Amino acid sequence: MFRRVHFIGKKYWIAGAACLAALSWGSIAEPAYRVEEIPLPPQVAPEVGGLAFNSKGELVVVTRRSGILIGSPNEDPNNFSWRVFANTSFHNATGVLLLSDDEMLIPQMPELTRVKDTDGDGAADWYECVSKAWGVSGNYHETNGGPVPDGEGNWFVAIGTASHNGPTFDIVRGEYSKIGRRGRNFSAVAYKGWVVKITPEGNLIPWASGFRANNGIAMSPEGDLWVTDNQGDWRGTSPVFHVEEGNFYGHPSSLVWDPSFPGEDPLEYCVEKLEELRTRAAVLLPQGFMCNSPAEPIFDTTEGKFGPFAGQMFVGDIAGQRILRLMIEKVGGKYQGACVQFVDGEGLRGGNNRLVFAPDGKSLYVGQTYRGWGRPEEGLQRIVFDGKNPFEMHEIHLQKEGFVLSFTEPVDKAVAMNPESYDVQSYYYNYGPQYGSSQMDKIDLEIAQIAVAADGQSVFVKLKGLEAKRLVEFNIPSMKSVSGEPIAHSKICYTLNQLAP
Amino acid sequence: MRDCPPVGRISSTPFDDLNPCFHINTALGSVLGSLGWKHSLLGLQFQWMALNFPKIIGIVGIMTPIKYSHFIRWSCAGAAALVAVISLQLLHGQENENPTAYDGKSLELGVIPGALKFDVSYFETYPGTDFTINFNNNGLMAHNWLLTLPGRVDDLVTAAMAMDAQEGQQSGYLPGGFPVLAHSKLLQAGESQSVEFKTPSATGSYPYVCTFPGHGLVMRGILKVVPSGSELKSPTRTQVSSQVARRSLEMTDVTPTPLGTKEAPLVIRTFMPNPGFTLSDLPQYQAGFPANRYNPSIGKDVPGTVKTISGIPAAVGVNFGSDFSYCWDTENCRLLYTWTGGFLNMEVYWGGGAGGGRKSFDYVPRLIGEITYLGIQPIPISIGSDAPDLRPKYVGYRMVDSVPQFIYTSKGAHIMETILPGSVPGAFIQKFMVHGVQCPVTLTFSEATRSRVSSNHGTWHGLDLIISPANVSGFEIHWKSPTQ
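Chains as they are written, first to last, in the working numbering: chain L, 856 to 1356; chain Y, 2 to 485.
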């Protein structure tokens, strides 16, 4: 049994030592991933709203105002050749789904549009309105993400709320709700703050409510739907949700379009009532040091070609020069898990909005747009895996009284056994109408026991006082592999919705 | 710092509501230190926010003194965010200060692309010199250059920020009633202008500034008039490494004023300007309403109202070059208006130059040019003897020889409409194809529109143009220019 002893400066000393170690290591170790810049033609504003690869291995880039480009990738990032597929300006296109090499669905502000090359000349000539079953209030903030196939012929679309940083129009499309218009982020017209299904006939099926700025939607290989959302009102910090039909995910404005709330003003519900109704995030991404504006999630389906994280989720940050990696597990039948930086700076721009794996699985393409906090952060980059195994936390699994941390390389047992190598804290974020939340009731968790597996690949850390509905944050900057490589990203935050049964 | 106040024009289109705090958290300390935080700047920021965010005034109205101080802290945070954002740009920028050649009579002046900064922020002259500023806006956003008297720059900036967009664009953000010794016009990204003026006869430090909203707090410099005969210091020019330019939109050719051509018109889906349509003119839309202001930190409405703004939610803009543009509405499935002399200024929605900030409560793109057809009254199309359909259904548009053909259905008919520029500016042709029906089609004009149109098919009965079943699959309405 160990007891944490704190004295001023210790953490800094450890951090400093880690930095020195990292610097000295840096001179001999190449990073496992490198970031490459891919220039777009100068006629194009590289504000990327959608990215996809077609069956020919060409990269489809949907922009905010310069239409759709198709590029032939090249090993030399400066040597892509580009052609224009759609020379038009969509209204805030924020996604793409390829139906074939000649046909794709583009969600715009007023409609889901089928964009198709019907005469085979390589350029689109048909812009069909597939659905316009949602409202348009005139507020700039109403984004439509996706579409994501549901496996039954329909498409999921994530519809974001409007923002009080802009007005609405005197004429709107669709029914207007005065109570839906209340609030900071609001839902004056249907179905802002929902994830909906669009049928091939263009009909809309409301699916799940309670979203705010749900600018990221993806289906896992297992067929689970995942949606990211942004810190703000009713969002203490940015959440990543596993979305299931009929659930409510916490932002109340959308409830005005839920027929089971006839005439009620959801903002007048007390927080406790909404707390009971809401489904919690599977993973919370702490504001500030972890992520400020999560966008599209993507699952690593490369089966190892992109490194050791097969099956895990990556999420881009619009408001930071970083991409996160999520380590998710099922506890008591529900998903929960942890987040860690995957790329943090390292040549990456901010505005990390859309992600797609190259067909060969060796690189992850990143479409960027800021839309725009300050200086434009717009463009296209790719993260290339060079085949060298990085030293990272690989997985984290909740146990009855602690966690099993596994690593991508065997750990240095002396370091891993030393309780001073672990700084573990616990806190929660408030739920309510306020914009964001501080870390509440932040406490140090005492380490009760450490055990390192014989192969050095995993460590069991027994903790005192684990509680549900809190985050557990590990800081392990001094962790190193048996070969002396320092851990690349040392801060890991686990969202502990429920304790292990 | 949980709640991040809006940072004015720096905030922008769709995702700007996501999360600004990163900038503040990471950069605040270094920024305040490095940029020499001053109370005057804070005060100005306060005024600026007050002018630009009347909703905050609404909140202030009910604030206790304690909360008022909280509000000032917000303002401080807003300014910090603004400065932090800029600072981050500079930090990325790897700026170098280099002495520049200088004859004391003229200066090449540019900006730091992507930042709110002149590339020369200090230079000296003698009194009464005939001076030329060659101002090149090599940046991403619109900028101007105004020289004013010592001590007057803050008021000047505040007055410019209080202007509404139209007033500002028209005057180049040059407020009346202030001493302006010399100024450029408002230059879009890529534009330049030479400004000739006589330097002041009195020695002193004369501030210059860009008064474009949001820029004037930081985008400043000093012209120092030194006694004749004293040595003139060479100004230094800030230069930014090419890496930064590559990272920005600067390297693109895009502008906020896109244009198509006659051969390949440009189609834009965006919020379209509403030059006077009401709900009754556009029955497929519904009414929107003003709303109470709301304060999330107390979870309640607060005094004050957020007004609605005017715009068409779901129309399409099409441009054939400077002579012809039109707006077609996908909800009511009809031509709304045409214009000549340009297309749209998207700056309020996309940001100036190659990109940047949305105008917070006034972001509907502006028409450039003059309206030459305003179809407030619809021209109803009746299929057979049925009354005109008020609920047509939009299908999509097809590009036929690079020109959009809009398609919609109405009472079983499939209607295709192509709009082309006519032989003179302001004239245009509507080509209709009605499929799926075996009956005549009637278009009903008004007195005013009847005098402007002719048709290649059909017979006129008063204001009704009746197209026989043989010709419904292809007929044209020719519109004269309003001056023809």
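The hints are simulated quantities; they were obtained by calculation from the structure and are not laboratory data.
Every value quoted in this text rests on a predicted model; they were computed, and no experiment measured them.
Heads up, some of the hints might be wrong.
DSBU-like mimics (lysine-lysine), calculated; alpha carbons at most 35 Å apart, straight line [stated by the list, open to error]: (1) K1128/L <-> K1160/L; (2) K412/Y <-> K1052/L; (3) K481/Y <-> K1033/L; (4) K1128/L <-> K301/Y.
A few chain L residues facing chain Y, derived, Cβ under 7 Å [what the hints assert, rightly or not]: (5) R1036; (6) Y1124; (7) C1125.
Take a look, some chain Y residues computed to stay more than 10 Å from chain L by CB distance [unchecked claim]: (8) G105; (9) P176; (10) E264; (11) A288; (12) A315; (13) E332; (14) G413.
Just so it is clear, CB atoms sit at the ideal spot from N, CA and C, and this is done for glycine as well.
The hints, checked one at a time:
Distance check on the hinted pair: K1128/L and K1160/L sit about 47 Å apart at the alpha-carbon level, beyond 35 Å; violated. Annotation: proposed proximity of K412/Y to K1052/L holds, straight-line Cα distance about 28 Å (limit 35 Å). Using a Cα cut-off of 35 Å, the hinted pair K481/Y and K1033/L is violated, with the two alpha carbons roughly 44 Å apart. Note on K1128/L and K301/Y: the hinted pairing holds, with a Cα-Cα distance of about 17 Å set against a maximum of 35 Å.
Interface hint status for R1036/L: upheld, as the beta-carbon distance to the closest one in chain Y is roughly 4 Å, under 7 Å. At about 11 Å, the closest approach between the beta carbon of Y1124/L and any beta carbon in chain Y exceeds 7 Å, and the interface hint on this residue is violated. At its closest, the beta carbon of C1125/L sits 10 Å from a beta carbon of chain Y; the interface hint therefore is violated under the 7 Å criterion. For G105/Y, the condition that its CB be more than 10 Å from all CB atoms of chain L holds, with the nearest at approximately 34 Å.
At roughly 25 Å, the least C-beta separation between P176/Y and chain L is larger than 10 Å, which holds for a residue marked as non-interface. Taking the minimum C-beta to C-beta distance to chain L, about 12 Å, the non-interface status of E264/Y holds against the 10 Å cut. Consistency note on A288/Y: stated as away from chain L, yet its beta-carbon is not over 10 Å from all of that chain's, at 6 Å minimum. Non-interface call for A315/Y relative to chain L: violated, since the shortest CB-CB distance, roughly 4 Å, does not exceed 10 Å.
With a closest Cβ-Cβ approach of about 6 Å to chain L, E332/Y is found to fall inside the 10 Å limit, against its non-interface label. With a least beta-carbon separation of about 18 Å from chain L, G413/Y lies farther than 10 Å from that chain, consistent with its non-interface assignment.
This entry does not satisfy hints 1, 3, 6, 7, 11, 12, 13, going by the numbered hints stated previously.
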